[in-house]
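> These are the residues of each chain, in order.
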Amino acid sequence: MHDDLLEILCCPLCKADLTLKVTKREKGEIEEGTLTCTKCATVFPIEEGIPNLLPPGERD
Amino acid sequence: MDLVDLDLPVDPRVYPIREDSLLLARTAGVHAGERVLEVGCGSGLASLSAARAGGRVLATDVNPYALRTLQRAARQRGLSVALARADLFPGLRAFDVVLFNPPYLPSLPKEEEGSRWDRWALDGGPDGHDVTRRWLRQLPEHLTERGRAYLLFAEVPPSGELPQAFPLPAKGLGARRVGGPRDLPGERLSVWELLPGA
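If you read the protein sequences in the order shown, they are chains A and B. At position 11 of the first sequence (counting the first as 1) the number is 11 in this note's numbering, and the numbers step up by one without a gap. To get this note's numbering, take the position in the second sequence, counting from 1, and add 1000.
The hints are simulated quantities; they were obtained by calculation from the structure and are not laboratory data. We put the CB at the ideal spot given by N, CA and C, even for glycine. Take these hints with a grain of salt, some might be off.
[Said to hold, decoys possible] The list that follows gives simulated cross-link-like pairs (lysine to any residue, SDA-like), each with its CA atoms no further than 20 angstroms apart:
1) A:39 to B:1090
2) A:15 to B:1080
3) A:15 to B:1116
4) A:15 to B:1062
5) A:27 to B:1078
6) A:27 to B:1080
7) A:15 to B:1077
8) A:27 to B:1077
9) A:15 to B:1141
10) A:39 to A:17
11) A:15 to B:1137
12) A:15 to A:55
13) A:27 to B:1094
14) B:1171 to B:1144
15) A:15 to B:1144
16) A:21 to A:39
[Claimed, not checked] Sample of chain B residues lacking proximity to chain A, with all beta carbon distances greater than 12 angstroms (derived):
17) 1003
18) 1032
19) 1052
20) 1062
21) 1093
22) 1112
23) 1123
24) 1156
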């Protein structure tokens, strides 16, 4: 994912902004990392460039 | 929109390109620079076509295999499509254009229903419109001021009359038919443009 995707994402549970943490980047694109809600602190994984915005427990 | 080529990768867990996919992708109007969301992208034909038209596209699906398939297809074509795993709108803000080809088939009896991938792609609840209703309730707050949506609507089975007005209550939304009707065995497809504040 590109960094600017963050502008149009929010926490699916409480709609607050998300904080991005990148653990792996390739050619400028975020490959691995996390999005963390600034309000409820729920963590959403980014795997192989794709953020998973399903609530914990619905991610299987 | 002009379609991208139809030679997209196939995964048995992903809804393939069918007449409904083609009708939505051909009928939806996307202008360069617009922020586009395709909800439930499946194979991603509409997303790829919107990206080629110059839209800044985000495609979502609950099915991770659909997202991987579309990721490969976009890379192969040099098109930029952002991806996220999501269930309709939660986790997403507002867009200029929202595209949706929902699961629209009435639920099958328990013993006949297929894999979870099939259910996600096909099962629209008892009358086929449950997912569409849920999407319509959430839609208005996810459209920008100039925002509009294109919805694939299916009558299964066809009522026998041409749809004159959007047949589901869409509170605060104006609707006009912009594609179809297209008759297939057992179903009639149309595409509706939805505008807020009408």
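> Of the hints given before, which are not true for this structure?
2, 3, 7, 13, 20, 21
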